[in-house]
Amino acid sequence: DRSQPTRLSLFTHPTALRQELEELREESRRLEEDMEREDEAVPSAAYVTQLYYKISRIDWDYEAEPAQIKGIHYGPDIAQPIAIDSSQHSRCFISDYLWSLVPTTW
Amino acid sequence: TEDEIILFEKEMNEFWTKIKSIYGTEQISQTLALRDSCKESIKALSEKWSKKLKEGDLMIDKIQEYSNEILQQSKRISENQEHLTEIKSNLNQEQEQKKGLTDSIQELKEELMKKKEIISSKNKATKERVERLCKSKVLFAERLGLEIRRIHNEQLQFIFRHIDHKDPDKPYVFTLSINEQGDYEVTSCTPPLDCIAEFQLKVRETNNFSAFVANIRKAFTALTYK
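Taken in sequence, the protein lines are chains S and D. Take the first sequence: its position 24, counted from the start at 1, is 24 in my numbering, and no numbers get skipped. Take the second sequence: its position 218, counted from the start at 1, is 218 in my numbering, and no numbers get skipped.
Please note: incorrect hints may appear among the correct ones.
The list that follows gives simulated cross-link-like pairs (lysine-lysine, DSS-like), each with its CA atoms no further than 30 Å apart [to be verified]:
{"id": "1", "chain 1": "D", "residue 1": "Lys218", "chain 2": "D", "residue 2": "Lys202"}
{"id": "2", "chain 1": "D", "residue 1": "Lys98", "chain 2": "S", "residue 2": "Lys54"}
{"id": "3", "chain 1": "S", "residue 1": "Lys54", "chain 2": "D", "residue 2": "Lys135"}
{"id": "4", "chain 1": "S", "residue 1": "Lys70", "chain 2": "D", "residue 2": "Lys124"}
{"id": "5", "chain 1": "D", "residue 1": "Lys88", "chain 2": "S", "residue 2": "Lys54"}
{"id": "6", "chain 1": "S", "residue 1": "Lys70", "chain 2": "D", "residue 2": "Lys43"}
{"id": "7", "chain 1": "D", "residue 1": "Lys109", "chain 2": "S", "residue 2": "Lys54"}
{"id": "8", "chain 1": "D", "residue 1": "Lys43", "chain 2": "D", "residue 2": "Lys54"}
{"id": "9", "chain 1": "D", "residue 1": "Lys109", "chain 2": "D", "residue 2": "Lys98"}
{"id": "10", "chain 1": "S", "residue 1": "Lys70", "chain 2": "D", "residue 2": "Lys218"}
{"id": "11", "chain 1": "S", "residue 1": "Lys70", "chain 2": "D", "residue 2": "Lys127"}
{"id": "12", "chain 1": "D", "residue 1": "Lys75", "chain 2": "D", "residue 2": "Lys88"}
{"id": "13", "chain 1": "S", "residue 1": "Lys54", "chain 2": "D", "residue 2": "Lys54"}
{"id": "14", "chain 1": "S", "residue 1": "Lys54", "chain 2": "D", "residue 2": "Lys127"}
{"id": "15", "chain 1": "D", "residue 1": "Lys137", "chain 2": "D", "residue 2": "Lys166"}
Cβ-to-Cβ under 10 Å is the rule here; a few derived chain S residues that face chain D [unchecked claim]:
{"id": "16", "residue": "His13"}
{"id": "17", "residue": "Pro14"}
{"id": "18", "residue": "Leu17"}
{"id": "19", "residue": "Arg25"}
{"id": "20", "residue": "Ser28"}
{"id": "21", "residue": "Asp34"}
{"id": "22", "residue": "Tyr47"}
{"id": "23", "residue": "Ser56"}
{"id": "24", "residue": "Arg91"}
{"id": "25", "residue": "Thr104"}
{"id": "26", "residue": "Trp106"}
Since the hints were made in silico from the structure, they are not lab data. What you are looking at is a predicted structure, and each value in this text was computed from that prediction instead of being measured. From the three backbone atoms N, C-alpha and C, an ideal C-beta is built for every residue, glycine too.
Bound conformation, chain D alone (with noise of 0.2 Å):
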């Protein structure tokens, strides 16, 4: 039997021979398919990490512009801030200053319209009372036949009427004046009367005005019964 033992070692080794020889050479070729197909994923996998590392990168990148922006923007608002805070500051100021002149101006007006009230009712005043003193005038000259006026060197004129009873337009005139003495001087009389020097002596004598011009009256009207 050892020629069997040797046959059947013989013919057992040959089967393991064909056993590896098939399987061993599947098993290599389905590890070296194997090792190629995770050769092929793993280098699909790197290009993709890689791909995405590189986008990571490139966000990152974006990150920090924007960052960079971000800041930049924040830098130019609060300036802007800054300078907001100075206008609305300096607009206060203004619209105070303006407030000012506006409430100084409101207060002028105010007062001018007050002055221009007493100024309107004083003219109303003055205008009545110049036009009283105008109607005096005229009562007086109309009434007494006297007109008075006042003539070139700071004389007065006295021009009587309604002293011809047959011409009562008839004007009888003299003039009077203060001469360098301060005293009455009767500088014309038209009629001349004789008594006009004694009636001057009197008035400067007497300071008695009215009976001055009364009597050169009856002196003028004594004229008209000659």
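The following block holds chain S by itself, in its conformation from the complex (with noise of 0.2 Å):
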């Protein structure tokens, strides 16, 4: 029953519960601060990727096993899918073909 005071509260000087309500509302401040600041660390990282998907127009599934190299390339006329078994290629032959989809016309 929130309307009748603890005993703790009744033994508790009001300067300590101003303290304590001013400490709550100073961590409240940094906490929006340090909300603001998370929100930059991202862009970053999306910066690269983006760049990366500008170029390849490849976009990976994500969820596939790590040997398999799956995803779609989207071409400018129709997205073509991408299936590799990786252990069944050297890197050189992999990385050729996916940019044997990227057209080189200007």
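Build the complex: two chains, separate frames, hints provided.
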């Protein structure tokens, strides 16, 4: 019952309560600031990823097993699925193949 | 018989005088004794009553004293009661203040808890997002054999690998920036490419960044055929 003061609060000096109140407000302010700062962490990481997409127009399937290279290439006309077993091919082959999907025409 | 009468009168007188003297004396003594004993009694009673009067006076004084004291005590009690009322009222005020403060504190605590929950889930979401973005970066870098880095002076470095099939880790690098006119500018290219200037022109014309990078890779690859 919040209307009745607890035994503890009967003996707490108002000054102590005010201090606690002030500290809580301060904490609240700090949290707000932290929240704002946190919001800036993502854009930087997103920039490079967006750049990769801009260049390659490839979207990976992140749920696939690590050895399976799965995704979609969004070409100018059609979207083409990608499914390569990376254990079957060299890194160079895979890179060459993926880059072959990106049009070189200006 | 006159002599008889005189003798009788003389005898009567003698008898009367004798009676008088005997009884009179006795009576007088008796009366005197009575008077004395009365005096004694009266004296004793006087003393007794005088004593009682004194006691009575003392009691009256005592009663007066007690009355005064009672008056004083009453005054003090009433002062104390006033004081008590004041204290109670102050206490009530303080209690209300404290309740106000406690309520505010409770509200703030709940608010803070909510904020912390929001932040925590936001952080979790952000963390997941950043993790996903990092994973994405890694996948692109590994699969495309292209690493993109931001370097000093707000430039971007593009590092190709998997170009030379005989040396897949050999890097082929070019650096890009935006010049003062807002155009793409290739600031370095290693190993150098003859066509890089042409590509730079084409990308400024068409803004086709994808083709730009694809063509540079193609050119780097062509170097390995020589």
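Hint check results:
With a C-alpha separation of about 15 Å, the suggested pairing of Lys218 of chain D with Lys202 of chain D holds against the 30 Å cut-off. Proximity of Lys98 of chain D to Lys54 of chain S is assessed by CA-CA distance (about 61 Å); at most 30 Å being required, the pair is judged violated. The suggested pairing of Lys54 of chain S with Lys135 of chain D holds, with an alpha-carbon distance near 17 Å, which does not exceed 30 Å. In summary, the hint linking Lys70 of chain S to Lys124 of chain D is supported, as the alpha carbons are separated by about 26 Å, within the 30 Å threshold.
For a cut-off of 30 Å, the pair hint linking Lys88 of chain D to Lys54 of chain S is broken: about 75 Å separates their Cα positions. About 141 Å separates the Cα atoms of Lys70 of chain S and Lys43 of chain D, which puts this hinted pair outside 30 Å; it is violated. At roughly 46 Å between alpha-carbon atoms, Lys109 of chain D and Lys54 of chain S are farther apart than 30 Å, so this suggested pair is violated. Distance restraint check for Lys43 of chain D and Lys54 of chain D: the Cα-Cα separation of roughly 16 Å lies within the 30 Å cut-off, and the hinted pair is therefore satisfied.
Our distance criterion of 30 Å between C-alpha atoms is met by Lys109 of chain D and Lys98 of chain D, whose separation comes to about 16 Å. For the proposed pair Lys70 of chain S and Lys218 of chain D, the alpha carbon gap of about 23 Å is at most 30 Å, so the pair holds. With a CA separation close to 24 Å, the supplied pair Lys70 of chain S and Lys127 of chain D stays within the 30 Å bound. For the suggested pair Lys75 of chain D and Lys88 of chain D, the alpha carbons sit about 20 Å apart, so the restraint of at most 30 Å is met.
At most 30 Å may separate the alpha-carbon atoms for a hinted pair to count; Lys54 of chain S and Lys54 of chain D exceed this at roughly 124 Å. With a C-alpha separation of about 24 Å, the suggested pairing of Lys54 of chain S with Lys127 of chain D holds against the 30 Å cut-off. Annotation: proposed proximity of Lys137 of chain D to Lys166 of chain D holds, straight-line Cα distance about 25 Å (limit 30 Å). With 10 Å as the threshold, the beta carbon of His13 of chain S comes within range of chain D, its nearest partner Cβ sitting at about 9 Å, so the hint holds.
With a cut of 10 Å, the hint placing Pro14 of chain S at the interface with chain D holds, because the nearest CB-to-CB distance is about 6 Å. Below 10 Å, beta-carbon pairs count as interface contacts, and Leu17 of chain S has one with chain D at about 4 Å; its hint therefore holds. Nearest Cβ of chain D to the Cβ of Arg25 of chain S: about 7 Å, under the 10 Å cut. The hint holds. Of the supplied interface hints, the one on Ser28 of chain S holds, with its beta-carbon coming within about 6 Å of a beta-carbon of chain D, less than 10 Å.
For Asp34 of chain S, the interface hint holds, the least distance from its beta-carbon to any beta-carbon of chain D being 7 Å, beneath 10 Å. Taken as an interface hint, Tyr47 of chain S checks out: its beta carbon lies about 8 Å from the nearest beta carbon of chain D, inside 10 Å. The closest approach between the C-beta of Ser56 of chain S and any C-beta of chain D is roughly 6 Å, which is under the 10 Å cut-off, so the hint is satisfied. The closest approach between the C-beta of Arg91 of chain S and any C-beta of chain D is roughly 5 Å, which is under the 10 Å cut-off, so the hint is satisfied.
Checking Thr104 of chain S against chain D by beta carbon gives a least distance of about 5 Å; that is within 10 Å, so the hint holds. About 5 Å separates the beta-carbon of Trp106 of chain S from the nearest beta-carbon of chain D, less than 10 Å, and the hint is met.
The structure shown violates the earlier hints numbered 2, 5, 6, 7 and 13.
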